[in-house]
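Participant: Sequence:
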Amino acid sequence: MEAEPKTASYGRPRLLTHEEILGGAVELGLENVTMKKLSSHLGVGTATLYQYFDSRKALMRAAAVYALSDVSLPEDTGQHWSMMARDYVLGLMDLLANNPTYINSMSPTDFGFEVHFKLVEPFLAGMNKRGIAPKDAMRLFNSIGIIAYGGAVETVRQREFEFQDETMDVVARRQFARLDVKEFPHLREALDEFTQTPEQKVSGLMRSAFSAFARYVGMDDEKLFEEAA
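Under this note's numbering, residues 1 to 229 are what the sequence shown spells out, in order.
Hints listed in this document are in silico derivations from the structure and should not be mistaken for laboratory results. Quick caveat, the model's predicted, so the values are computed rather than measured. Idealized CB from N, CA, C, for every residue including glycine. Each statement offered as a hint is correct.
Simulated DEER-style distance windows between Cβ atoms: (1) E189 x T34: 48 to 58 Å; (2) D136 x E114: 17 to 27 Å; (3) T34 x V170: 35 to 45 Å.
Within a straight-line C-alpha distance of at most 30 Å, the following computed DSS-like cross-link-like pairs (lysine-lysine) qualify: (4) K182 x K201; (5) K57 x K118; (6) K135 x K201; (7) K201 x K118; (8) K118 x K37; (9) K135 x K118; (10) K57 x K36; (11) K129 x K118; (12) K57 x K37.
Could you put the whole structure together from the sequences, leaning on the hints where they help?
Facilitator: Dropping the structure here:
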(Lines of atoms letter the chains of each structure in order from A and count residues from 1; the text may use other names and numbers.)
(Lines give C-alpha, C1' and ligand atoms only; values in the text may rest on other atoms or scores of the structure.)
Protein backbone atom coordinates (compact mmCIF):
# COMPACT_ATOMS: atom_id res chain seq x y z
CA MET A 1 0.00 0.00 0.00
CA GLU A 2 1.48 3.29 -1.09
CA ALA A 3 1.82 6.03 1.45
CA GLU A 4 -0.16 9.14 0.72
CA PRO A 5 2.02 12.03 -0.37
CA LYS A 6 2.53 14.76 2.21
CA THR A 7 0.71 17.91 1.46
CA ALA A 8 1.93 21.32 2.44
CA SER A 9 -0.06 23.00 5.16
CA TYR A 10 -0.90 26.63 4.85
CA GLY A 11 -2.15 29.08 7.37
CA ARG A 12 -0.86 31.45 9.97
CA PRO A 13 2.82 31.11 10.90
CA ARG A 14 3.56 29.59 14.27
CA LEU A 15 3.39 32.10 17.10
CA LEU A 16 6.44 32.42 19.32
CA THR A 17 7.17 34.20 22.53
CA HIS A 18 10.20 36.42 22.94
CA GLU A 19 11.44 34.00 25.60
CA GLU A 20 11.30 31.06 23.17
CA ILE A 21 13.32 32.97 20.60
CA LEU A 22 15.93 34.19 23.06
CA GLY A 23 16.18 30.77 24.67
CA GLY A 24 16.74 29.21 21.27
CA ALA A 25 19.52 31.67 20.50
CA VAL A 26 21.27 30.81 23.77
CA GLU A 27 20.93 27.09 23.04
CA LEU A 28 22.66 27.49 19.68
CA GLY A 29 25.49 29.55 21.15
CA LEU A 30 25.33 33.28 20.65
CA GLU A 31 28.45 33.60 18.51
CA ASN A 32 27.06 31.10 15.97
CA VAL A 33 23.51 32.35 15.65
CA THR A 34 22.11 33.55 12.35
CA MET A 35 18.47 34.28 11.68
CA LYS A 36 18.37 31.30 9.30
CA LYS A 37 19.88 28.86 11.81
CA LEU A 38 17.62 30.08 14.59
CA SER A 39 14.46 29.90 12.49
CA SER A 40 15.34 26.31 11.53
CA HIS A 41 16.04 25.48 15.17
CA LEU A 42 12.66 26.86 16.21
CA GLY A 43 10.77 25.36 13.27
CA VAL A 44 9.59 28.63 11.79
CA GLY A 45 10.32 30.72 8.76
CA THR A 46 12.98 33.39 8.89
CA ALA A 47 10.36 36.04 8.24
CA THR A 48 8.69 35.09 11.51
CA LEU A 49 11.77 36.11 13.51
CA TYR A 50 11.84 39.50 11.82
CA GLN A 51 8.36 40.12 13.20
CA TYR A 52 9.97 40.14 16.65
CA PHE A 53 13.45 41.55 15.97
CA ASP A 54 14.29 43.82 13.07
CA SER A 55 17.92 42.68 12.83
CA ARG A 56 20.35 40.03 14.02
CA LYS A 57 22.13 42.63 16.14
CA ALA A 58 18.91 43.52 17.96
CA LEU A 59 18.27 39.84 18.59
CA MET A 60 21.80 39.27 19.88
CA ARG A 61 21.60 42.18 22.28
CA ALA A 62 18.36 40.89 23.72
CA ALA A 63 19.70 37.33 23.90
CA ALA A 64 22.81 38.42 25.77
CA VAL A 65 20.71 40.19 28.39
CA TYR A 66 18.39 37.18 28.55
CA ALA A 67 21.32 34.81 29.05
CA LEU A 68 22.35 36.70 32.16
CA SER A 69 18.85 37.36 33.48
CA ASP A 70 18.93 34.36 35.80
CA VAL A 71 22.47 34.90 37.03
CA SER A 72 22.56 35.33 40.79
CA LEU A 73 24.75 38.28 41.64
CA PRO A 74 26.70 38.08 44.90
CA GLU A 75 24.53 38.89 47.87
CA ASP A 76 25.29 42.09 49.73
CA THR A 77 25.41 41.02 53.37
CA GLY A 78 27.40 43.99 54.59
CA GLN A 79 30.67 42.13 54.08
CA HIS A 80 34.00 43.91 53.69
CA TRP A 81 34.35 45.54 50.28
CA SER A 82 37.17 43.18 49.35
CA MET A 83 35.01 40.17 50.13
CA MET A 84 32.23 41.53 47.93
CA ALA A 85 34.73 42.18 45.14
CA ARG A 86 36.07 38.66 45.51
CA ASP A 87 32.54 37.25 45.30
CA TYR A 88 32.04 39.09 42.01
CA VAL A 89 35.30 37.75 40.60
CA LEU A 90 34.49 34.16 41.53
CA GLY A 91 30.86 34.44 40.41
CA LEU A 92 31.71 35.86 36.98
CA MET A 93 34.59 33.44 36.57
CA ASP A 94 32.32 30.49 37.32
CA LEU A 95 29.63 31.77 34.94
CA LEU A 96 32.08 32.20 32.06
CA ALA A 97 33.95 28.96 32.68
CA ASN A 98 30.72 26.96 32.72
CA ASN A 99 29.45 28.75 29.60
CA PRO A 100 32.56 29.19 27.42
CA THR A 101 30.47 30.52 24.56
CA TYR A 102 29.98 33.71 26.60
CA ILE A 103 33.72 34.37 26.59
CA ASN A 104 33.69 34.82 22.82
CA SER A 105 30.19 36.19 22.39
CA MET A 106 29.80 38.97 24.95
CA SER A 107 31.07 41.63 22.56
CA PRO A 108 29.70 45.16 23.03
CA THR A 109 29.81 45.65 19.25
CA ASP A 110 27.25 42.86 18.88
CA PHE A 111 25.22 43.18 22.04
CA GLY A 112 25.64 46.73 23.28
CA PHE A 113 26.56 47.51 26.84
CA GLU A 114 23.27 46.67 28.57
CA VAL A 115 24.62 43.38 29.92
CA HIS A 116 27.58 45.18 31.46
CA PHE A 117 25.36 47.91 32.90
CA LYS A 118 23.19 45.33 34.65
CA LEU A 119 26.25 43.70 36.22
CA VAL A 120 28.00 46.90 37.22
CA GLU A 121 25.18 48.96 38.79
CA PRO A 122 24.55 46.70 41.82
CA PHE A 123 28.29 46.53 42.46
CA LEU A 124 28.70 50.30 42.36
CA ALA A 125 25.73 50.68 44.69
CA GLY A 126 27.24 48.21 47.13
CA MET A 127 30.61 49.93 47.08
CA ASN A 128 28.96 53.32 47.53
CA LYS A 129 27.33 52.04 50.73
CA ARG A 130 30.84 51.23 51.94
CA GLY A 131 32.12 54.72 51.31
CA ILE A 132 33.76 54.05 47.94
CA ALA A 133 32.83 56.58 45.26
CA PRO A 134 31.37 55.24 41.99
CA LYS A 135 34.39 56.35 39.93
CA ASP A 136 36.76 54.51 42.25
CA ALA A 137 34.45 51.48 42.41
CA MET A 138 34.37 51.37 38.61
CA ARG A 139 38.15 51.25 38.60
CA LEU A 140 37.91 48.23 40.91
CA PHE A 141 35.24 46.57 38.76
CA ASN A 142 37.47 46.91 35.71
CA SER A 143 40.04 44.80 37.54
CA ILE A 144 37.34 42.34 38.59
CA GLY A 145 36.22 41.82 35.00
CA ILE A 146 39.72 41.27 33.65
CA ILE A 147 40.63 38.84 36.44
CA ALA A 148 37.36 36.92 36.02
CA TYR A 149 37.80 36.58 32.25
CA GLY A 150 41.40 35.48 32.61
CA GLY A 151 40.47 33.00 35.32
CA ALA A 152 37.65 31.58 33.19
CA VAL A 153 39.97 31.05 30.22
CA GLU A 154 42.50 29.31 32.47
CA THR A 155 39.75 27.12 33.93
CA VAL A 156 38.52 26.07 30.47
CA ARG A 157 42.09 25.21 29.46
CA GLN A 158 42.59 23.22 32.67
CA ARG A 159 39.44 21.21 32.02
CA GLU A 160 40.78 20.14 28.64
CA PHE A 161 43.51 18.24 30.48
CA GLU A 162 41.01 16.78 32.95
CA PHE A 163 39.10 15.19 30.08
CA GLN A 164 42.19 13.03 29.62
CA ASP A 165 42.38 12.27 33.35
CA GLU A 166 45.41 14.50 33.77
CA THR A 167 46.13 17.99 35.02
CA MET A 168 47.97 20.88 33.47
CA ASP A 169 50.57 20.60 36.23
CA VAL A 170 51.33 16.95 35.41
CA VAL A 171 51.51 17.54 31.65
CA ALA A 172 53.65 20.67 31.93
CA ARG A 173 56.14 19.02 34.28
CA ARG A 174 56.36 15.93 32.09
CA GLN A 175 57.06 17.98 28.99
CA PHE A 176 59.53 20.19 30.82
CA ALA A 177 61.42 17.11 32.02
CA ARG A 178 62.04 16.15 28.38
CA LEU A 179 63.92 19.38 27.74
CA ASP A 180 67.49 20.29 28.42
CA VAL A 181 66.84 22.16 31.67
CA LYS A 182 70.15 23.99 31.26
CA GLU A 183 68.43 26.01 28.54
CA PHE A 184 65.69 27.07 30.96
CA PRO A 185 67.42 27.82 34.29
CA HIS A 186 65.07 30.65 35.23
CA LEU A 187 61.92 28.79 34.28
CA ARG A 188 63.09 25.82 36.34
CA GLU A 189 63.12 28.06 39.41
CA ALA A 190 59.68 29.44 38.55
CA LEU A 191 58.02 26.18 37.50
CA ASP A 192 55.84 25.99 40.61
CA GLU A 193 54.36 29.39 39.73
CA PHE A 194 53.95 28.38 36.08
CA THR A 195 51.92 25.30 37.03
CA GLN A 196 49.58 26.97 39.51
CA THR A 197 45.89 26.11 39.28
CA PRO A 198 43.48 28.74 37.91
CA GLU A 199 42.20 29.29 41.45
CA GLN A 200 45.71 29.95 42.73
CA LYS A 201 46.46 32.37 39.90
CA VAL A 202 43.20 34.24 40.44
CA SER A 203 43.79 34.42 44.18
CA GLY A 204 47.22 35.96 43.60
CA LEU A 205 45.84 38.46 41.10
CA MET A 206 43.05 39.48 43.47
CA ARG A 207 45.47 40.03 46.32
CA SER A 208 47.69 42.23 44.17
CA ALA A 209 44.82 44.18 42.59
CA PHE A 210 42.86 44.68 45.80
CA SER A 211 45.96 45.70 47.72
CA ALA A 212 46.83 48.28 45.05
CA PHE A 213 43.25 49.55 45.09
CA ALA A 214 43.24 49.85 48.89
CA ARG A 215 46.36 51.99 48.76
CA TYR A 216 44.87 54.06 45.93
CA VAL A 217 41.80 54.99 47.99
CA GLY A 218 43.73 55.31 51.24
CA MET A 219 42.51 52.16 52.99
CA ASP A 220 44.36 49.66 55.18
CA ASP A 221 45.50 46.77 53.02
CA GLU A 222 46.43 44.58 56.00
CA LYS A 223 42.77 44.18 56.90
CA LEU A 224 42.13 43.44 53.26
CA PHE A 225 44.37 40.40 53.26
CA GLU A 226 42.70 39.01 56.37
CA GLU A 227 39.19 39.30 54.98
CA ALA A 228 39.80 38.51 51.32
CA ALA A 229 41.90 35.41 51.96
